[in-house]
Amino acid sequence: MQDTADQNQETSLAMKFSISKDKLVEGVNHVMKAVSSRTTIPILTGIKINAGLDGITLTGSDSDVSIKAYIPLEEDDEEYVSIEKPGSIVLQARVFSDIVKKLPSDTVNIEADSRLITRITSGSSEFNLNGLDPEEYPRLPQIEEENIITIKTDLLKHLIRQTVFAVSTSETRPVLTGVNWNIQNGKLDCVATDSHRLASRSVAVESAENATYRNIVIPGKSLNELSKILDDNSGEAVSIVITESQILFKAKNLQFFSRLLDGNYPDTDRLIPNESKTDIVISTKGFLQAIDRASLLAKEERNNVVKFRTLSGEVEISSQSPELGRVFENVQAEEIKGEELKISFSAKYMMDALSKVDSQDIRISFTGAMRPFLIRPVGDDGILMLILPVRTY
Amino acid sequence: MGADQSQGPRVIFHIDMNSFYASVEIAKDPGLKGKALAIAGKVEDRRGIVVTSSYEARAQGVKTTMPVWEARRHCPELIIKTPDFPLYRSTSKQLFELLRSYTDTVEKVSIDEGYMDVTAALNGIHPLQLAKNIQRKVLDALHLPSSIGIAPNKFLAKMASDMKKPMGITVLRKREIAKVLWPLPIGEMYGVGPKTEAKLKHIGVQTIGDLAQNNAAALVEKFGVYGERLYKRANGIDHRPVDPEAENTYKSISQSTTLPEDTTSDTVVRKVLSILAEKIADKLKQEKVTAYQTSLMIRYNDWQNITRNQTVKQPIQSKDDISHIAGHLFDRHWDGRPVRLLGITVTALEELYKATKQLDLFSYQADVKKEPLMDLISEMDHRYGEGTLRSASLYKKEEP
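These protein sequence lines are chains U and Y, in that order. Counting in the UniProt record's numbering, the first sequence runs from 1 upward without gaps. Counting in the UniProt record's numbering, the second sequence runs from 1 upward without gaps.
By construction, these hints were calculated from the structure, which means they are not laboratory data. Treat each hint with caution, since some may be false.
Think about it this way: if two alpha-carbon atoms lie no more than 27 Å apart in a straight line, the pair counts; the simulated DSS-like pairs of lysine-lysine are [what the hints assert, rightly or not]:
no. : chain 1 : residue 1 : chain 2 : residue 2
1   : U       : 299       : U       : 348
2   : Y       : 313       : U       : 299
3   : U       : 307       : Y       : 285
4   : Y       : 354       : U       : 342
5   : U       : 299       : Y       : 251
6   : Y       : 369       : U       : 277
7   : U       : 348       : Y       : 313
8   : Y       : 279       : U       : 299
9   : Y       : 354       : U       : 299
10  : Y       : 288       : U       : 299
11  : Y       : 285       : U       : 342
12  : Y       : 285       : Y       : 313
13  : Y       : 369       : U       : 337
14  : U       : 307       : Y       : 279
15  : Y       : 251       : Y       : 279
16  : U       : 342       : Y       : 288
17  : Y       : 354       : U       : 348
Below, a sample of chain U positions facing chain Y; criterion: calculated Cβ distance under 8 Å [claimed, not checked]:
no. : residue
18  : 193
19  : 196
20  : 198
21  : 266
22  : 305
23  : 344
24  : 346
25  : 388
26  : 389
Every residue, glycine too, gets a C-beta built ideally from N, C-alpha and C.
Produce the complete structure using the sequences and hints provided.
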């Protein structure tokens, strides 16, 4: 195999560069988040590599989500890439990603010829891969960069974490599989609900004046992937550009495109109770741990139900399963106001909600055993969690 | 559970009440005794068919499922009564309480029949004597005639109880099956419905004996597990235990109705589905169970049947839930031909006290609304007896 390239004199060099292995692995890992093995478009099982005069761009896509990772020639006085001949190639994503991770040397040389044969060398290792025609790779949407919205990376990751867990996993109402974003007057409101619970988070964002977006529904899956590849420690901001059907997140050396969901997101404001009959304030951690213990006897097929009732100065959490037994636990409340209450709810939904709240105490507001109740962190109006109770007969 | 536990011979009774509804009516009004009596649905529409009749009526040619007008032609002095189900249910309850005073292993099969495993309860009494005692006691206490089959398993006991009616006691030993059971026409075998009967006759099986001596492998191939079960039973083999819990694990609740006229009207269909759903919801409430699967049966005017079902994650109990799903199934599967019969069955039942329903943000108001009303109904039932308060739609005249 050593001499394949030399034997075929008619073939010409289509692309050639060398790159830092670590940078390549990092970029490939990022774009792999968008590559799906179950795509109907064969070329999308590949990663597109483009060697330009200013650096290397990797692209992965499943047509819903597309990710571009950029590796510049140099950064902070360190040289990452050296381009010998600019050009493009598409390589099978799975095998390419496995190969680059295991290459022996710190530097990787990649060259493709006009027959799309790609030679990858690193140290004494050499791979020859059959590439795919880069001309067949779909073009990513061209997005006009108007009305850019800017948000700190860690804040964006936070608000994703605090909302995306509540999206629906069922396709019966597709629009509920996304998180609804509304942007107005420099404020971003995010809402997710699977109709059994709801999570809502508001944050301030920097945006052009009068930048107003309504009914932007981003697939929950996209936000999960985005959150994974955003760098926690970068103090940098993410720029967001929204069009009719796409949203683009731009971070340093990274572009993340997602399709938006069609359909009208239901008006959830209307469904959130604005009065309450019973209010409790309780330690987030203490309550979460008690629910976690009670959930050990709660069964998934029975909606993970735990029972909750108010006593004087404390609340009782209990659960029972005919097969396993029962559990009771009292938790001291900071404050209990209003009517006595007995209610049943899913331990899972409660734990999901509580684990997304960072404040020391939470306030829970109930309006009755069959009505949704609200959980808010004390001292943070930006977060609201809502849970529908479980009806027992 | 099941087959291999049955060590040693068992003594199983099958007790079958003789023309139960008619007998209950006679017990209530002794003036009816010795008269030709039929229990029948409404006389004025097509549903007016004989549900059951007294032996005096049967002697004159009145048969179950016969339309009332035809029954009257056979027996002009026939007394017709409409069914009083609450009375039949409460009588049935007393009956099973009485049977349970003999042994705990009583399995209620339906309102008027059940199995008893008396193996452990005999204590030296001859099975025939015990059966006589039970039959006597049922007659004295409830004024109801019954027939009892005694056999080593459920199938044979069931077949035996059918052999002498009314007030019969029949012992069917396994060694007697060739003489007693095998000559019977295949259609009389318990578990063989009209469809199977036709299929079996088609392959030359005319009697139970023909089935017993058939090639087992061929039966399995043609009828699957069901074929194997029939073959074993025809040979007197049946390992099913008498299960006192069987009653509590209702497998399904069904309601169906033949329409007064064939219809293609959506309005009529909705109305019928809503009536059926209401009956099922009542039954669910009464049995204190809830369901996770609903199926709809449509019979077209050419007698073709289709059955389609839907499973849900959250339990259904209300009329609205049931009629909503049934309506949805109808919309998806109706092919536009005239409909002759509609039926709804709910399955995957769970006892209500075990059931939980995760409420939904977009529909919880419906549950909120029902809650106070349900509380009120159950309180009134509790205080003043069942059926004190019912939803108004139950009182509406059922238009044909």
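Hints and how they fare:
1. U:299 to U:348: Holds: residue 299 (chain U) and residue 348 (chain U) sit about 10 Å apart, inside 27 Å.
2. Y:313 to U:299: holds, 14 Å
3. U:307 to Y:285: Holds, at roughly 24 Å.
4. Y:354 to U:342: Cα-Cα ~17 Å, so holds.
5. U:299 to Y:251: holds, 23 Å
6. Y:369 to U:277: holds, 18 Å
7. U:348 to Y:313: holds, 16 Å
8. Y:279 to U:299: violated, 31 Å
9. Y:354 to U:299: holds, 11 Å
10. Y:288 to U:299: holds, 21 Å
11. Y:285 to U:342: holds, 23 Å
12. Y:285 to Y:313: Holds, at about 19 Å.
13. Y:369 to U:337: holds, 25 Å
14. U:307 to Y:279: Measuring from Cα to Cα gives roughly 32 Å; hence the hint is violated.
15. Y:251 to Y:279: holds, 17 Å
16. U:342 to Y:288: Holds. Residue 342 (chain U) to residue 288 (chain Y) sits at ~22 Å (cutoff 27 Å).
17. Y:354 to U:348: Within the cut-off at roughly 19 Å; holds.
18. 193: holds, 6 Å
19. 196: Hint holds; residue 196 (chain U) Cβ to chain Y Cβ min 5 Å, cut 8 Å.
20. 198: holds, 6 Å
21. 266: Given a least distance of 7 Å, the restraint on residue 266 (chain U) holds.
22. 305: It holds, given that the least Cβ distance between residue 305 (chain U) and chain Y is near 5 Å, below 8 Å.
23. 344: Because about 7 Å separates residue 344 (chain U) from the closest Cβ in chain Y, which is inside the 8 Å limit, the hint holds.
24. 346: Status holds, d = 6 Å.
25. 388: holds, 4 Å
26. 389: At about 6 Å, which falls below the 8 Å cut-off, the nearest Cβ of chain Y leaves the hint on residue 389 (chain U) intact, so it holds.
Checked against the numbered hints above, the structure violates hints 8 and 14; every other hint is satisfied.
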